[in-house]
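Going by this note's numbering, the sequence shown runs without a break in its numbering and finishes at 1007.
No wet-lab data here; the hints were simulated from the structure. Every value quoted in this text rests on a predicted model; they were computed, and no experiment measured them. A hint or two may mislead.
[Said to hold, decoys possible] With a cut-off of at most 27 Å between alpha-carbon atoms, the simulated BS3-like pairs for lysine-lysine come out as follows:
{"id": "1", "residue 1": "Lys543", "residue 2": "Lys625"}
{"id": "2", "residue 1": "Lys537", "residue 2": "Lys508"}
{"id": "3", "residue 1": "Lys625", "residue 2": "Lys336"}
{"id": "4", "residue 1": "Lys658", "residue 2": "Lys625"}
{"id": "5", "residue 1": "Lys657", "residue 2": "Lys369"}
{"id": "6", "residue 1": "Lys501", "residue 2": "Lys540"}
{"id": "7", "residue 1": "Lys658", "residue 2": "Lys644"}
{"id": "8", "residue 1": "Lys402", "residue 2": "Lys431"}
{"id": "9", "residue 1": "Lys501", "residue 2": "Lys644"}
{"id": "10", "residue 1": "Lys336", "residue 2": "Lys657"}
{"id": "11", "residue 1": "Lys658", "residue 2": "Lys369"}
{"id": "12", "residue 1": "Lys537", "residue 2": "Lys369"}
{"id": "13", "residue 1": "Lys369", "residue 2": "Lys508"}
{"id": "14", "residue 1": "Lys540", "residue 2": "Lys625"}
{"id": "15", "residue 1": "Lys543", "residue 2": "Lys431"}
{"id": "16", "residue 1": "Lys652", "residue 2": "Lys336"}
{"id": "17", "residue 1": "Lys541", "residue 2": "Lys625"}
{"id": "18", "residue 1": "Lys369", "residue 2": "Lys625"}
{"id": "19", "residue 1": "Lys369", "residue 2": "Lys336"}
{"id": "20", "residue 1": "Lys644", "residue 2": "Lys374"}
{"id": "21", "residue 1": "Lys369", "residue 2": "Lys644"}
{"id": "22", "residue 1": "Lys543", "residue 2": "Lys501"}
{"id": "23", "residue 1": "Lys431", "residue 2": "Lys374"}
{"id": "24", "residue 1": "Lys374", "residue 2": "Lys537"}
{"id": "25", "residue 1": "Lys501", "residue 2": "Lys369"}
{"id": "26", "residue 1": "Lys657", "residue 2": "Lys644"}
{"id": "27", "residue 1": "Lys336", "residue 2": "Lys346"}
{"id": "28", "residue 1": "Lys658", "residue 2": "Lys336"}
{"id": "29", "residue 1": "Lys543", "residue 2": "Lys369"}
{"id": "30", "residue 1": "Lys374", "residue 2": "Lys508"}
{"id": "31", "residue 1": "Lys374", "residue 2": "Lys327"}
{"id": "32", "residue 1": "Lys541", "residue 2": "Lys369"}
[To be verified] Computed beta-carbon distance windows for the label pairs:
{"id": "33", "residue 1": "Arg240", "residue 2": "Gln651", "range": "47 to 57 Å"}
{"id": "34", "residue 1": "Lys508", "residue 2": "Ala744", "range": "47 to 57 Å"}
{"id": "35", "residue 1": "Gln213", "residue 2": "Arg486", "range": "56 to 66 Å"}
{"id": "36", "residue 1": "Gly847", "residue 2": "Arg936", "range": "27 to 37 Å"}
{"id": "37", "residue 1": "Ala861", "residue 2": "Pro56", "range": "28 to 38 Å"}
{"id": "38", "residue 1": "Ala352", "residue 2": "Gln213", "range": "51 to 61 Å"}
{"id": "39", "residue 1": "Arg931", "residue 2": "Gly38", "range": "27 to 37 Å"}
{"id": "40", "residue 1": "Gly184", "residue 2": "Phe68", "range": "37 to 47 Å"}
Don't be surprised by glycine CBs; every beta carbon is placed ideally from N, CA and C.
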Amino acid sequence: MSLTYTAGSLVAARGREWVVLPESAPDMLVLRPLGGSEDDIAAVFPAFEDVRPAEFAAPSPADLGDQRAAGLLRTALRIGFRSGAGPFRSLASIAVEPRAYQLVPLLMALRQRTVRLLISDDVGIGKTVEAGLIAKELLAQGEATRLAVLCSPALAEQWQGELREKFGIDAELVLASTVSRLERGLELGQSLFDKHPFTIISTDFIKSTRHREDFVRHCPDLVIVDEAHACVAADDSAQGAASSASNQLRYELLRRVSADADRHLLLLTATPHSGKESAFRNLLGLVRPELATLDLESPAGRAKLAEHFVARKRADVRVYLTKEEDGLADDSLAERTAFPSDRWTKDEPYKLTPAYRALLDDAIAYARDRVEAAGEQGKREARIVWWSVIALLRSMVSSPAAAAQTLKTRSESAAARTAHEADVLGAPVAADSAENDRLEGMDVAPGAAESEEAGARLLELSRRAAELVGPAEDAKLKALTRHLKGLIAEGYHPIVFCRYIPTAEYLAEQLEGKLGKKTKIAAVTGTLSPQQRLERIEQLAAAESAEEAADPAFRRVLIATDCLSEGVNLQHHFDAVVHYDLAWNPTRHDQREGRVDRYGQKRDQVRVITMFGEDNGIDGKVLEVLFQKHRQIKKDLGISVSVPDETASGVTDAVVEWLLLHGRQGSQESLFEMDTHQESFDRIEREWNSAAEREKTSRSKYAQRAIHPEEVAREVLSVRAALGGADEVRDFALEALRDLDALVRDPRDGSGDFTAQVGGTPAGLRDALAATLGNRLVEEDREIPFRTTPAIARGEAALVRTDPAVGAVASYVLDSALDVNALGPRPARRCGVVTTDAVTIRTTLLLVRYRFHLTLPSRTGERQLVAEDARLLAYEGMPARARWLDDDAATALLGARASANTHEQSARNAITRALEGLPDLAAHLTEYGTSLAAELDASHRRVRRANEEIVRGLKVVPQEPADVLGVYVYVPQQPVPTVSGAES
24 MSLTYTAGSL
34 VAARGREWVV
44 LPESAPDMLV
54 LRPLGGSEDD
64 IAAVFPAFED
74 VRPAEFAAPS
84 PADLGDQRAA
94 GLLRTALRIG
104 FRSGAGPFRS
114 LASIAVEPRA
124 YQLVPLLMAL
134 RQRTVRLLIS
144 DDVGIGKTVE
154 AGLIAKELLA
164 QGEATRLAVL
174 CSPALAEQWQ
184 GELREKFGID
194 AELVLASTVS
204 RLERGLELGQ
214 SLFDKHPFTI
224 ISTDFIKSTR
234 HREDFVRHCP
244 DLVIVDEAHA
254 CVAADDSAQG
264 AASSASNQLR
274 YELLRRVSAD
284 ADRHLLLLTA
294 TPHSGKESAF
304 RNLLGLVRPE
314 LATLDLESPA
324 GRAKLAEHFV
334 ARKRADVRVY
344 LTKEEDGLAD
354 DSLAERTAFP
364 SDRWTKDEPY
374 KLTPAYRALL
384 DDAIAYARDR
394 VEAAGEQGKR
404 EARIVWWSVI
414 ALLRSMVSSP
424 AAAAQTLKTR
434 SESAAARTAH
444 EADVLGAPVA
454 ADSAENDRLE
464 GMDVAPGAAE
474 SEEAGARLLE
484 LSRRAAELVG
494 PAEDAKLKAL
504 TRHLKGLIAE
514 GYHPIVFCRY
524 IPTAEYLAEQ
534 LEGKLGKKTK
544 IAAVTGTLSP
554 QQRLERIEQL
564 AAAESAEEAA
574 DPAFRRVLIA
584 TDCLSEGVNL
594 QHHFDAVVHY
604 DLAWNPTRHD
614 QREGRVDRYG
624 QKRDQVRVIT
634 MFGEDNGIDG
644 KVLEVLFQKH
654 RQIKKDLGIS
664 VSVPDETASG
674 VTDAVVEWLL
684 LHGRQGSQES
694 LFEMDTHQES
704 FDRIEREWNS
714 AAEREKTSRS
724 KYAQRAIHPE
734 EVAREVLSVR
744 AALGGADEVR
754 DFALEALRDL
764 DALVRDPRDG
774 SGDFTAQVGG
784 TPAGLRDALA
794 ATLGNRLVEE
804 DREIPFRTTP
814 AIARGEAALV
824 RTDPAVGAVA
834 SYVLDSALDV
844 NALGPRPARR
854 CGVVTTDAVT
864 IRTTLLLVRY
874 RFHLTLPSRT
884 GERQLVAEDA
894 RLLAYEGMPA
904 RARWLDDDAA
914 TALLGARASA
924 NTHEQSARNA
934 ITRALEGLPD
944 LAAHLTEYGT
954 SLAAELDASH
964 RRVRRANEEI
974 VRGLKVVPQE
984 PADVLGVYVY
994 VPQQPVPTVS
1004 GAES
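Required output: the full structure, derived from the provided sequences and hints.
Shown next as structure tokens:
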């Protein structure tokens, strides 16, 4: 008759110890190796194999380690944990250490039966990480089984990389370019959304009727929507018809997705309000229908919204969990997030050369003639010419290359059949809409010709423009070269943003070799696919890395169009922005600067240079009217307010009208001072100020109040106690590799990175590392980079607990500590005796592993889990009369260092007495395990207190006995007796 084993109990089989998992049955045991991972789980049949109860063996007094043995063993043990016993099931299995403020949306989510959140934190705070944390947790708990991320196609690869590298979620890309391949692998009648549980989907692709129906029918139970503001339109939208129609298709898709009340939905946007109340209400209606009609002026309405809406500025989270700001008892958990403190901004003018001035004057004269002639032909012709003129003037002040291209290209609006159609075709490529839902294709140089064959005047202007290339006649290029040399000399890696593809390619060609031999230049434009853009950026960064380590003078310069101005994170490689072309909407500049001025930027100050033509008749006025007003609002309110599109287009229309009326050098009056435009500009300023006030009010009114900082602090404390932090993992890897005879080089350059050659390490470790990093790298004893960032290349290791190489080191340290017969170096030991001045009475430190059987109810049914926790317990005196220390005092012993040598026999005597006294400690260890289980139970209930269904059936049962992995005795140093002269 076979024995019945409870979940969490220990058994011996196949020559090793195992933990019994809840999935076991009397005739089949599902087992995980003691200290092993989920990948090592095996099924054993007691009827055919020898299975017997096991007890964890006590340490051997003959196997003594040094003062670091306890710390190394503890960290090796904790790195092996993949599912902690606390309420956050996923934090042990992710490759990122979230900031405390990033736990707030997670805490909000866990209090909802069906998660519905609008996450509207400021640009650069980390909305992707916050959404990833929620997704990983819901998947780990079984609350969700499938995931779809809807985003712009330009951001799909970035989302894929973030989910894979940081959260261990391998998602399939569903794009126009990948769907044919994916569908070829389907069985008859199968949906690709059923076959692939985790997908990242282009919102533009999936909104079409054919694909939308399939997605809605097979939609996953968890959906994340990035840039959610682009999926709703105001009821009174004044956007272009194409943009409104596109938004309407997306809105219809999300409305149907959100209609399933049991589907989890996360909406992400940094601009939820955008000054349009109806669009904001439509967005809230996707979260919960009742939110769309809430009275947000009432405290009750705002409290209801706060359960589903989080919106914080950098200033709110730059310093978090403090006594002064957040009302905590002390600053022990205070967290300072390294956002750049400020942007250093400067407007740099340039003046046209005589030849360029003459060309621009002739172009303005041509434009004036065309506008006057078209005005007599009808409204359609007038609008076609209007957009052609704007295209001509914008490309003319961009670069000779863009001007030459535009002058011989047919205008997009020339094919229009009506005036309205001309506006729909012409506006997207000529304007810089803040609400433009796509930046793809927007960097193509627009056309100015109104027929297939450019007129003689345009062709002549194009020929003259082509002759102005190079710094001799292009003063703007000459000025850029000067500014870049200055930034490079100060150690910066700048990005130069341009409006058009020909300009970017022209700059890359002209700058090559002009910025010094140690400066690499690359251009990224819309001619590349989103994936190719990221690859080129990585190539530019990687090309420096090996040389940069030896020579810090190497620099990188990226020339880019606005295809990179949204979503793509560039803060790790660049720290300065040059606006080569002045956008006609300040919001576009905010988007560009936000690519580098965000969390993770190592520079405390990001440099921003805005170039403008002092005498071209356009830039100066746009800068004066739009940008100075935008900066003033930001300074006054402390927030950046998107410029309403109608405001920006109204200003730029006035600028062009003014230019055509007065010429390039015309009146020097301010546009705001001119009688002809005074009424228009007064209205524009009122609208803008109103939008700014609404934004300020909404930020204050809807500030996150659902989760108090004290609640966050409590959970942060418990997570750190169970899992440790990033610094612990780095210190462990560095020390363990050195002890295992690896050749370690730590440059101590502040990055935290180091390299290791592992050719001299034990064969078992080499084999494990070869399996994760590649045989050749290990066999040829090459340097293996260990990096503090989770984004690593092949052949590198990330200093995070989930990295396979770090896991291999931890497994070897743990296994060799448990096996006293292991050959080669053994960094960690299960016993140690240290003589130290850190204690005044003999103190013993225990490393104890507790196992818990958890019953976690969820929407999909009850889940049975076995989780582990490692704790340090310490007592003073002898075991029979132990005086137990608190947790902080026990942890502090890890830092105690030997202040004197310990005699070998004395050490053995001390550790033998401590080991013989373990039975006297059993009652306390059991009592501690029971209290720990109670704490865990309370923690689960606290985090989910608003979800009665989950709280009702929750159970946390400790599995006895606990495993004593390590025993370490700290002996006080005896004072050296003083001898008097007479006695001598």
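Handout entry: Holds or violated: Lys336 to Lys657, with C-alpha atoms at most 27 Å apart
Key = holds (13 Å)
Exercise for the section: Compare the distance between the alpha carbons of Lys374 and Lys508 with 27 Å, and conclude whether the hinted pair is satisfied. Expected result: The hint holds at about 19 Å.
Practice task
With a cut-off of 27 Å on the C-alpha distance, tell me whether Lys431 and Lys374 pass.
Solution key: Holds: Lys431 and Lys374 sit about 26 Å apart, inside 27 Å.
Practice task
Quickly compare the C-alpha distance for Lys658 and Lys625 to 27 Å and report which way the hint goes.
Solution key: holds (24 Å)
Problem - Distance restraint between Lys540 and Lys625, which requires alpha-carbon spacing of 27 Å or less - result: Roughly 25 Å between the alpha carbons, so the hint for Lys540 and Lys625 holds.
Problem - Distance restraint between Lys543 and Lys501, which requires alpha-carbon spacing of 27 Å or less - result: The hint holds at about 18 Å.
Exercise for the section: Assess, step by step, whether the Cα of Lys543 is no farther than 27 Å from the Cα of Lys369, and give holds or violated. Expected result: holds (24 Å)
Problem - 27 Å limit on alpha-carbon distance, applied to hinted pair Lys541 and Lys369 - result: Holds, at roughly 26 Å.
Exercise for the section: State, for the Cβ atoms of Lys508 and Ala744, whether the hinted interval 47 to 57 Å holds or is violated. Expected result: Once the Cβ atoms are compared, 52 Å apart, the range 47 to 57 Å for Ala744 and Lys508 holds.
Problem - Given hint Lys625 paired with Lys543 - CA-CA distance at most 27 Å - result: holds (20 Å)
Exercise for the section: For the range 56 to 66 Å, tell me whether the beta carbons of Gln213 and Arg486 fit it or not. Expected result: Taking Cβ atoms as reference, Gln213 and Arg486 lie about 59 Å apart, which means the hint holds.
Exercise for the section: Take the C-alpha atoms of Lys625 and Lys336, compute the straight-line distance between them, and say whether it is at most 27 Å. Expected result: OK: Lys625 and Lys336 at ~19 Å, within 27 Å.
Hints 15, 31 from the list above are not met by this structure, while the remaining hints are.
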